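Asks: What follows is the residue order along each chain.
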Amino acid sequence: MSSGSSRSTRALAIGGGALIVAAAVAGIGLHHRSMAAAGPPVHLEAPRVVETPPPPDPGVLRVCADPNNLPFTNQRGEGFENAIAEIVARDLGRRLEYYWAPQRRGFIRTTLKAGYCDVVLGVPARFEMARPTQPYYRSTYVFVSRRGYGPRLSSLDDPRLKQLRIGVEMTGEDYDNPPAVQALAVRHIVDNVRGYLVYGDYSTPNPPRRVIDAVSSGQVDTAIVWGPLAGYFAKQSPVPLELAPVTPHRDGPALPFEFDIAMGVRRGDDALRDALDRVLARRALEIRQILERFGVPLVSRSEE
Amino acid sequence: MTQQRLAVSIAVVVAMAMACGGGRGHTNGGSAGPAPATSATVSGAPAGMHLIADLPGAEWRMPTGDYGGLRYSPLNAITTQNVQNLHVSTTLATGIARGHEGQPLVVDNTMYVVTPFPNNLIAVDLTKTGGAIKWIFEPHPDRRAMGIACCDVVNRGAAYANGKIIYSLLDAHVVAVDAATGKEAWRTRVGDINVGETFTGAPLVVKNKVIVGNSGGELGVRGYVAALDVDSGKELWRAYNTGPDADVKIGASFHPRYAKDQGKDLGVSTWGADQWKIGGATVWGWLTYDPETNLFFYGTGNPGPWNPDMRPGANKWSCAIIARDADSGEARWAFQTSEHDAWDYDEIMENILVDMNWAGQPRKLLIHPGRTGFVYVFDRNTGELLSAEKYEPSTNWASGYDMKTGKANEDPSKRTHYGSVTSDICPSSTGAKDVIPSAFSPRTGLLYIPAHNTCMNYEGVEANYIAGTPYLGADVKMYPGPGGYQGELVAWDVANAKRVWSVKDAVLPIYSGVLVTGGDVVFYGTMEGWFKAVDARTGTELWQFHTASGIIANPITFLGPDGKQYVAVYSGIGGWMGAVAFPNISADDPYAALGVVGAMKDIKKYTAPGDTVYVFGL
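Quick mapping for you: the protein sequence lines, in order, are chains A and B.
Following the numbering used here, the numbering of the first sequence begins with -6 at its first residue and continues without gaps.
Following the numbering used here, the numbering of the second sequence begins with 35 at its first residue and continues without gaps.
It is worth saying that the hints were derived from the structure and are not from the lab.
Warning: the hint list may mix true and false statements.
Straight line, CA to CA, 30 Å or less: simulated DSBU-like cross-link-like pairs of lysine-lysine [claimed, not checked]:
| hint | chain 1 | residue 1 | chain 2 | residue 2 |
| --- | --- | --- | --- | --- |
| 1 | B | LYS398 | B | LYS311 |
| 2 | B | LYS538 | B | LYS448 |
| 3 | B | LYS294 | B | LYS438 |
| 4 | B | LYS311 | A | LYS155 |
| 5 | B | LYS311 | B | LYS441 |
| 6 | B | LYS398 | B | LYS294 |
| 7 | B | LYS294 | A | LYS155 |
| 8 | B | LYS438 | A | LYS155 |
| 9 | B | LYS268 | B | LYS311 |
Which stretches of chain A does chain B cover? Using the computed rule of at least three CB atoms under 8 Å from a CB of chain B, they are [said to hold, decoys possible]:
| hint | stretch |
| --- | --- |
| 10 | 89 to 101 |
| 11 | 141 to 154 |
| 12 | 171 to 184 |
| 13 | 235 to 242 |
| 14 | 266 to 275 |
Please read all numbers here as calculations on a predicted model, not as lab measurements.
Don't be surprised by glycine CBs; every beta carbon is placed ideally from N, CA and C.
Make a model of the complete structure from these sequences and hints.
Replies: Printed below as a string of structure tokens:
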């Protein structure tokens, strides 16, 4: 609590009103902080209330990313997208800086579109909210099961799915769900499906991993999980897990299980998009090595 | 009962004397004194009209004005004859240019203003010229809450009790502040932002309990109401809106009227396995209370976070009106307005309580203008549905209600299904109204509903991505409904269940609450920033003033230290629909802000963010 006067309050309103708007919608996040070395466990900080996007700086590549979301990114730079961002920034001759914000509804709007960064890694190649680059990898949803559980699951039409407990990821918007949710609903597989919110409990490390933990612990018999997440955390499982790409890779005309993943820049920022496209082409081999090191299941483009 | 009525009658005399004589009406001067005005009957009211609780008089002590949620004040110095002389008396900038929902309190010559996040509480000394600030309480809530709130970082106001100003913080805490000193009395963590809970609603204080609810249905939050001790902040009970009967506080005293709402553990069995654990049904609207039965009433939000095809069943108790005992939290009755929601029709709307003649008989009514486009009238003691009629004519998801079963007569072609196209659904997901509250005048018997006329197309799917999972989002495009208007103040004759008049707003939906007074003046605001007064009986526009920003707040009225009547309202665009006015939301993207941009694309032509408290007087 503090005392105040109408004069100071009004001054704040006039002088700082617009700034407050910009910062308040930026959501959870840190500031423009250079690549952090490995350090203490991640404790999320919050933005200052009065904060504006930084002025454009051609010497810096600013990336908006989640500080607590391996294998993609974290604040300690341990994710594969951290590694790819470093390669890209180095190739462009720019210094890498991050604007940290958890990926929640409004992430693109409050980070990239609000001017806090130039690029977001990991958007679908046909993403409408940003201008995507050429894709730099393509992955697939996979079934994750305990090894030795039985004949390997890979098909959405496997009759065992009616009985098994199946874990799926959820995004937290009632109209929207990952494709597995819908594919199972169409097959009237509902009661034996457990949802794990990708947001999870943000006070724990890498909350989306819970769906993999549920397979390891036997909470569910199998889970249908986006490949990069599954590949990474399956390797850390205390019990051996096996992965199998979901088939069919496209369930009817509207329900793909494979996605091309690109980087996204602000619409209109064609110069950066073109520059990134050139870097992605030049560095394709290194990027592929990083993805393989992180266990990302890579697929080539299926005939569609 | 007799004694209660007698006490009420005495207070009526006091109230009338105050209102007519222009006195201060509140003589004890103490901040812990009784509520100032009481009225069982109101002069000029139709026969049989009775109020259930004290009305606000000189002061405005609870978010809804009175326990019945009428947002009616008997003050009548401002009339249809002199309102054109209304002018700005005082303004105050809060310093936070975000959506200002809610309303100030006025207690003991002090106005209390809760700002949007970071939820500062500003105490303004009304005895000094120009609105001098006594103190500002800065609670510094956890800033991570900002990234979690779905629909702007709003707050819907505080309540006054036992010398404390009590309100919710966005980071899922509730705080009590000494009304005189601005010192924090207690702060209680009720919810957890790490799992997506935020608090935006206004508390209801009943006796020694502060009753609050949570927000965050889209993030897999499980909705509840909780009661905290007024003096210590200690949580006394919590009642969930999904799950087993024990968690929902459904026991021997639960008597739902209709078969659809009867049965054991419906909060579990009407969902797929375990879905109730993350099923939404949050509580972010207004709570009302009937002192005679000790029941309080609230509505619940939409089911989440599964898409409708994945959660077969009625998904109880989402989209429901629930009556509970205020001491124990035990449920008395519940009624789902829409089963298995496919449209995001949260039913968190206000439940207005009044005793009046209905079909020739005196009845104890609960009036609920729904997001669904229907005005529902219930017997609030039994949960019997007496009427459900459309107040927004474009409403087409259902033709009406079966009064025997209490079920909506739905148009199956308007149900949304993932991966397929459903066109021309009215109202859109924002509803025929949203959380912004109506007002009811016991003098006119009219309900004044701030309504929207928007429809939506639900179209297929588009690829979207959160690092961790690509997903498929429905394209929900909202657009203005038929008739060439988007907003409408509807005057609804409750007894006859019909529209009487309306004031249309061509440009934008009406997202401001409504106030009606003993002077038969209705006050409300528009998202373009007009603050308006219209005749409560005819809808004739009497006066308007253009404020600095769009209005999404609720007007109040009170007597100043000089004994004169004043009207106050916030001006600061934002909220779910109004957030489109913020500079960094592109009006070119029809899917931004959950699809509302399609209906709101012109808003930047009319308004910009603001943060001003306006006080008007004659």
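Asks: Against this structure, judge whether each hint is valid.
Replies: Here is what the structure says about each hint:
{"no.": "1", "hint": "B:LYS398 - B:LYS311", "verdict": "violated (35 Å)"}
{"no.": "2", "hint": "B:LYS538 - B:LYS448", "verdict": "holds (26 Å)"}
{"no.": "3", "hint": "B:LYS294 - B:LYS438", "verdict": "holds (11 Å)"}
{"no.": "4", "hint": "B:LYS311 - A:LYS155", "verdict": "holds (22 Å)"}
{"no.": "5", "hint": "B:LYS311 - B:LYS441", "verdict": "holds (25 Å)"}
{"no.": "6", "hint": "B:LYS398 - B:LYS294", "verdict": "holds (23 Å)"}
{"no.": "7", "hint": "B:LYS294 - A:LYS155", "verdict": "holds (29 Å)"}
{"no.": "8", "hint": "B:LYS438 - A:LYS155", "verdict": "violated (38 Å)"}
{"no.": "9", "hint": "B:LYS268 - B:LYS311", "verdict": "holds (24 Å)"}
{"no.": "10", "hint": "89 to 101", "verdict": "holds (count 7)"}
{"no.": "11", "hint": "141 to 154", "verdict": "violated (count 0)"}
{"no.": "12", "hint": "171 to 184", "verdict": "holds (count 9)"}
{"no.": "13", "hint": "235 to 242", "verdict": "violated (count 0)"}
{"no.": "14", "hint": "266 to 275", "verdict": "violated (count 0)"}
This entry does not satisfy hints 1, 8, 11, 13 and 14, going by the numbered hints stated previously.
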